[in-house]
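**Q** Sequences are here, hints too, so could you generate the full structure?
Listed here are the chains, written in short residue letters.
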Amino acid sequence: MRLSLPVPRVPLVPDPLRRAPVPRSLEEVATVAAEADPGTEE
Amino acid sequence: MTPRATESVWRAVEGFYRSGAHPAIQICLRREGEVVLDRAIGYARGNGPGDAGREPKRLATPYSAGFMLGVRWFSPLYGPDTDQAFGHLGFTNILGWADPERSLSGALITSGKPVLYPEIGELWNTMRVIAAETPKTAASTLALP
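Protein chains in written order, with the numbering used here: chain A, 1 to 42; chain B, 1 to 145.
Check the hints yourself; a few may be wrong.
Far from chain A, some chain B residues (derived; all Cβ distances over 12 Å) [as the list claims (entries may be wrong)]:
id : residue
1  : 14
2  : 19
3  : 21
So the derived label-pair ranges between C-beta atoms look like this [unchecked claim]:
id : chain 1 : residue 1 : chain 2 : residue 2 : range
4  : B       : 21        : A       : 25        : 29 to 39 Å
5  : B       : 126       : A       : 37        : 41 to 51 Å
6  : A       : 14        : B       : 106       : 34 to 44 Å
7  : B       : 9         : A       : 22        : 14 to 24 Å
8  : A       : 25        : B       : 125       : 42 to 52 Å
9  : B       : 110       : A       : 25        : 26 to 36 Å
10 : A       : 4         : B       : 3         : 19 to 29 Å
11 : A       : 6         : B       : 133       : 42 to 52 Å
12 : A       : 6         : B       : 91        : 36 to 46 Å
13 : B       : 91        : A       : 5         : 17 to 27 Å
Simulated from the structure, these hints should not be mistaken for laboratory data. For every residue, glycine included, the Cβ atom is placed at its ideal position computed from N, Cα and C.
**A** So this is what it looks like as structure tokens:
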């Protein structure tokens, strides 16, 4: 669910909102540390 | 907290990241004594895999509405030569920061004034002295490569 209005990026010009580039695959830039098992479904 | 709940939180973080408002986001949730979610997404400027190593990032402090990095040559936040430091300015010059190269973390709490005011130089000087008077320690495992 999105709670914000997406503002489209205009190609070929600098983004006036100076937003960071977002890769298509987020797994490439994500890091997961050691996490405890959150448990089973309640 | 169920696995579905933690993944739901992570999906929300991914959506937040996709907005492009922040180049990097980290979240850590600890519940009933256990870290159930500890993940990061994206990279701060200069720290991505394709970025150059320890070159000076830029003269001006990379601004963020949240956490900010220090800078090698001049950082009004954490003093000079603190490009490994990171912390939060708060809204009224209330600082919380950590500097892995100095094995130092600190907090500077004031009664709070907006970001710029005539005496701001004294705050900058306090942070400069802290950095200057705290020698760097042996390589920290927390320091960025």
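**Q** The structure should be examined with respect to each hint, and the outcome stated for every one.
**A** To see whether the hints hold, each was checked on the structure:
1. 14: Label violated. Min Cβ-Cβ 5 Å, cutoff 12 Å.
2. 19: violated (7 Å)
3. 21: violated (6 Å)
4. 21/B / 25/A: 29 to 39 Å: Cβ of residue 21/B to Cβ of residue 25/A: about 19 Å, so the range 29 to 39 Å is violated.
5. 126/B / 37/A: 41 to 51 Å: holds (45 Å)
6. 14/A / 106/B: 34 to 44 Å: With Cβ atoms ~37 Å apart, the hint holds.
7. 9/B / 22/A: 14 to 24 Å: This hint holds: roughly 19 Å between Cβ atoms.
8. 25/A / 125/B: 42 to 52 Å: holds (46 Å)
9. 110/B / 25/A: 26 to 36 Å: The hint (26 to 36 Å, Cβ to Cβ) is violated, given that residue 110/B and residue 25/A are roughly 44 Å apart.
10. 4/A / 3/B: 19 to 29 Å: Since the Cβ atoms of residue 4/A and residue 3/B sit about 27 Å apart, the hinted range of 19 to 29 Å holds.
11. 6/A / 133/B: 42 to 52 Å: Since the Cβ atoms of residue 6/A and residue 133/B sit about 48 Å apart, the hinted range of 42 to 52 Å holds.
12. 6/A / 91/B: 36 to 46 Å: violated (27 Å)
13. 91/B / 5/A: 17 to 27 Å: Between residue 91/B and residue 5/A, where Cβ atoms are some 25 Å apart, the hint holds.
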